[in-house]
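Here the structure of chain A is known, so what remains is to put chain B in place on it, guided by the hints.
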Amino acid sequence: DQQVKQNSPSLSVQEGRISILNCDYTNSMFDYFLWYKKYPAEGPTFLISISSIKDKNEDGRFTVFLNKSAKHLSLHIVPSQPGDSAVYFCAASVGGGADGLTFGKGTHLIIQP
Amino acid sequence: GAGVSQSPRYKVAKRGQDVALRCDPISGHVSLFWYQQALGQGPEFLTYFQNEAQLDKSGLPSDRFFAERPEGSVSTLKIQRTQQEDSAVYLCASSLLPPGTGAEKLFFGSGTQLSVL
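The listed protein sequences derive, respectively, from chains A and B. Residue numbers for the first sequence follow the working numbering, so the first one is 1 and each next one is one higher. Residue numbers for the second sequence follow the working numbering, so the first one is 1 and each next one is one higher.
Looking at chain A on its own, in the form it has when it is part of the complex:
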């Protein structure tokens, strides 16, 4: 049973536009959420995170929004750049990740020139 769901396996966005990646979760105990970016043949790299006490966190072109009542979070990238083409994983943890992170299956973002 998938506790973290990324329902879009892929997303194509034009360069310069906004990319919105979505993630849903089922475990109400999750209190920390992260987004990781992964290029082929490399390990995931940390992008941005948000605690459950917040509903928004921004870092440069990247913003993560958390809607606890809907158990939904999203990653906004604006403006999208060619180097943003990668697989993006949503991850969640309980109590700071002592049991490890629970990852979604990922969304492959393709930025079209």
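Rather than coming from a laboratory, the hints here were simulated on the basis of the structure. Don't be surprised by glycine CBs; every beta carbon is placed ideally from N, CA and C. It is possible that some hints are incorrect.
Said to hold, decoys possible - With a Cα cut of at most 20 Å, we get these calculated SDA-like pairs of lysine to any residue: (1) A:K56 - A:S69; (2) A:K5 - B:L39; (3) B:K57 - B:E44; (4) B:K105 - A:S49.
Unchecked claim - If we take Cβ atoms under 10 Å as the criterion, some of the chain A residues that face chain B in the derived model are: (5) V4; (6) K38; (7) G43; (8) A91; (9) G104; (10) K105.
Just chain B now, with coordinates in the frame of chain A:
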């Protein structure tokens, strides 16, 4: 190097063979995690070390999987009598502080791609 290093990068094993996968975490990092990533899936938690202590091995799929970190730095994931379903990318990750301290940013290695024939 400054990052998490894993070796070998690729490993091909015959069914029934034992394999050992190595992880060199970032120097000084207390926490070390192993994850398994099957094709088309996200990484799945296997086990967690805090220094040399294995605090959680609930994700290990069977008793054929064994992990150790005897001196609190380098870790080895061993898989005995490999099966085809063990084919996956095995990712190692480390972080400076234990979980729950706000240091949940894991630094991942590039992984070992294991193919069992």
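Verification of the supplied hints:
| no. | hint | result |
| --- | --- | --- |
| 1 | A:K56 - A:S69 | holds (14 Å) |
| 2 | A:K5 - B:L39 | holds (16 Å) |
| 3 | B:K57 - B:E44 | holds (12 Å) |
| 4 | B:K105 - A:S49 | holds (8 Å) |
| 5 | V4 | holds (8 Å) |
| 6 | K38 | holds (8 Å) |
| 7 | G43 | holds (3 Å) |
| 8 | A91 | holds (8 Å) |
| 9 | G104 | holds (5 Å) |
| 10 | K105 | holds (5 Å) |
The earlier numbered hints are all upheld by this structure, with none contradicted.
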